[in-house]
Amino acid sequence: MPSLFESTNLAGMTLRNRLMRSATWERMADGQGRLTPRLERTLLDIAEGGAALIFPGYAFVTAQEQPNPGMLGIYDDACVPDLERLTEGVHQRGAAIGLQLAYGGSFTNYRPEGRLIWGPSAVPHPATEVVPQPMSLGDIQSLVEAFALAAGRAQRAGFDCVQMHSSHGYLLSQFLSPYFNRREDAYGGSLENRCRIHREILAAIRRETGHSYPVLIKINSADHMPGGLSAAESLEACRILDGLGIDGIEISGGVRTKDPDTYFVKPHILKPERQSYYRPYAEAVARAVKAPVILVGGNRDARMLQQMLDTTAIAYFSLSRTLISEPDLVNRWRDDSAHQPRCRSCNQCFDPAGHICVLDRKAAQKA
Numbered sequence: 005m006p007s008l009f010e011s012t013n014l015a016g017m018t019l020r021n022r023l024m025r026s027a028t029w030e031r032m033a034d035g036q037g038r039l040t041p042r043l044e045r046t047l048l049d050i051a052e053g054g055a056a057l058i059f060p061g062y063a064f065v066t067a068q069e070q071p072n073p074g075m076l077g078i079y080d081d082a083c084v085p086d087l088e089r090l091t092e093g094v095h096q097r098g099a100a101i102g103l104q105l106a107y108g109g110s111f112t113n114y115r116p117e118g119r120l121i122w123g124p125s126a127v128p129h130p131a132t133e134v135v136p137q138p139m140s141l142g143d144i145q146s147l148v149e150a151f152a153l154a155a156g157r158a159q160r161a162g163f164d165c166v167q168m169h170s171s172h173g174y175l176l177s178q179f180l181s182p183y184f185n186r187r188e189d190a191y192g193g194s195l196e197n198r199c200r201i202h203r204e205i206l207a208a209i210r211r212e213t214g215h216s217y218p219v220l221i222k223i224n225s226a227d228h229m230p231g232g233l234s235a236a237e238s239l240e241a242c243r244i245l246d247g248l249g250i251d252g253i254e255i256s257g258g259v260r261t262k263d264p265d266t267y268f269v270k271p272h273i274l275k276p277e278r279q280s281y282y283r284p285y286a287e288a289v290a291r292a293v294k295a296p297v298i299l300v301g302g303n304r305d306a307r308m309l310q311q312m313l314d315t316t317a318i319a320y321f322s323l324s325r326t327l328i329s330e331p332d333l334v335n336r337w338r339d340d341s342a343h344q345p346r347c348r349s350c351n352q353c354f355d356p357a358g359h360i361c362v363l364d365r366k367a368a369q370k371a
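Heads up: the sequence shown begins at 5 in our numbering, then just goes up one per residue.
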């Protein structure tokens, strides 16, 4: 039987266990998206804590588009030297590290006035009400090239893989979604057309990095909102990407709207039946594709994860909020699978001053 703590090989990457750190916006980079000592320390702590593959928060690929404050950037060659130091430090601590590549688009409240914000169509975002500029064919090709160049920089900086961010209502997710994508050209309409930008970005990254460099994707299981991407179409999109040779598929879901039930970071999930909330979708994808499937979302119990490993085709599990609270949670689980995370899934870690556990913030205030 497979073990949660066995060494595995994922697309040529040797991973010390099956537990990953999902890309999580730390809000700790500087105003130009550069690595800061605080962000570096946060990621090194997670590496020391036992995670096998670490994704920093999503990195923006064009200089004019930092969707949220404190996001990492990978839009220029000048970003590479600091990131080289980060990847070296993570490797020294026994972990692999990937970089999630993103274009945020209209899912932003960060200085939306006075800057160009692209989208597949001029549809207001249901959470931010930002209306993007519909992308021309030239704009699309420019962005495809930006993703490819960003992947090349990540490779030179020592990242072991890259991941395309196609979840949560960011731009690539919007292209897949019939709610956001109202185009009538080759990039809209059919699911095959709505996947076209993903196909082109993957091919461009392969040309830039070589075919042996791993490329993963994070994708919505469904948008979980009226008119959005359905679970059936998401499953078919995963089949398409699998046929193109994607190296791993991380299953998430949801688009932020004014309805909290659509939000992808679900609170109050301490009861077992509320945990691992995208499991049914990940199970279905894992049965349908050859690429390894990674489940994210409410993974809080090592024993439950081992049970999923034993009874489904899901290969890996991603953690986020639990590692904000306990960077060494993976090591704790290795030593005691019954250990219950300190994290209460309250979502108070998402603070403008930087994303840290509310318990740590309260302790610092008392000191």
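These are computed hints drawn from the structure, not numbers from a lab. A few of these clues could be false.
What follows is a list of derived Cβ distance ranges for each label pair [as the list claims (entries may be wrong)]:
id, residue 1, residue 2, range
1, Leu141, Tyr114, 26 to 32 Å
2, Arg42, Gln96, 18 to 24 Å
3, Ala82, Asp340, 41 to 47 Å
4, Arg187, Glu240, 17 to 23 Å
5, Arg45, Lys294, 23 to 29 Å
6, Gln96, Pro182, 30 to 36 Å
7, Gln344, Pro85, 49 to 55 Å
8, Ser146, His343, 45 to 51 Å
9, Thr18, Leu120, 37 to 43 Å
Ideal Cβ positions, reconstructed from N, Cα and C, are used throughout, including at glycine.
- Of the hints given before, which are not true for this structure? Going through the list in order, the structure violates hints 5, 6 and 7 and respects the others.
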